[in-house]
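**Q** Here our numbering is used: the first residue of the sequence shown is 136, the next is one more, and so on.
Hints are computed from structural coordinates only; laboratory data are not their basis.
For each residue, glycine too, the CB sits at the ideal point set by N, CA and C.
There may be inaccurate statements among the hints.
Between beta-carbon pairs, the in silico distance windows are [what the hints assert, rightly or not]:
{"id": "1", "residue 1": "G383", "residue 2": "E231", "range": "31 to 37 Å"}
{"id": "2", "residue 1": "W317", "residue 2": "D162", "range": "22 to 28 Å"}
{"id": "3", "residue 1": "P281", "residue 2": "G259", "range": "32 to 38 Å"}
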Amino acid sequence: MKDYLISPDCISHPDSPVLSAVFQQSDRIRNTPDHQHEHGQIFGSTAGLLSVDAGHHRWVVPATHAVWIPPGMYHGLLSHGPYSGWSVWVSATACETLPTNAQVLSVSALLREAVLRATSWRDGSRSAAQNHLTEVILEEIRAARPVPLGLPMPQDPRLLKIARALSEHPNDCSPMGSWAKWAGVAPRTLSRRFVIETGFRFSEWRQRVRLLQALELLAAGQSVTNVALGSGYENVSAFITLFRQVFGMTPGRYAHSIALSSDKPAFSALGSLKS
136 MKDYLISPDC
146 ISHPDSPVLS
156 AVFQQSDRIR
166 NTPDHQHEHG
176 QIFGSTAGLL
186 SVDAGHHRWV
196 VPATHAVWIP
206 PGMYHGLLSH
216 GPYSGWSVWV
226 SATACETLPT
236 NAQVLSVSAL
246 LREAVLRATS
256 WRDGSRSAAQ
266 NHLTEVILEE
276 IRAARPVPLG
286 LPMPQDPRLL
296 KIARALSEHP
306 NDCSPMGSWA
316 KWAGVAPRTL
326 SRRFVIETGF
336 RFSEWRQRVR
346 LLQALELLAA
356 GQSVTNVALG
366 SGYENVSAFI
376 TLFRQVFGMT
386 PGRYAHSIAL
396 SSDKPAFSAL
406 GSLKS
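Could you build all of it, start to finish, from the sequences and the hints given here?
**A** Here's what the structure looks like:
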């Protein structure tokens, strides 16, 4: 029996509303195989990282961002740790003015709050107030800024095994040789294939998955020191230097920018991940 977040009948019936939303918190890892449907979908986690497959894309996405999937595109996800997340389905007709390609999106505080409200709606017709909030959600999706924040995942099953393990435990400091032995691949092959399939050297990829976790922890209000040491960095200075190199600002400044304003996208000030 398939573990649907929402029954397909609830969104595929001719009289289904334009938008349906759901929130789920579980003590289990969620692994949704590739599938497609006629609706558009935007989803994200509230804690932890998600690995998302969408068309030819494969990303690691932090809880501070969401993924938009247009109608008809094959997609799937894997949570790294127990799943806690939300999802919104949008009718094909309403998707005509929404993005036509899969994207990692910056999520505004308004969108998060509107989705939270929508998850309490029951099936059936919508009130005038609910229809208005539906339009707010759709407009926020249109206005959301796509960001190249998702981290590419390798395709080779051996490398993918390593990448998923690192996504679950970014602070693991085992050397590359140990990971290669664990996955049954020669270290030289691992090094070469990681660059070919992700665009990053193994060490760079590991640093970036740590940074994705760091973004999430900083957004949750943890101190720079706790985030640095908890993410596997040997010292705080090394963490601050790398964070500034990749995002163009210090982690302290980033955390301060979040504290100053909750009505802007959480990462509106961040640049893209630099190679």
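**Q** Determine for every hint whether it applies to the structure shown.
**A** Hint by hint, here is what the structure shows:
no., hint, result
1, G383 <-> E231: 31 to 37 Å, "36 Å, holds"
2, W317 <-> D162: 22 to 28 Å, "26 Å, holds"
3, P281 <-> G259: 32 to 38 Å, "33 Å, holds"
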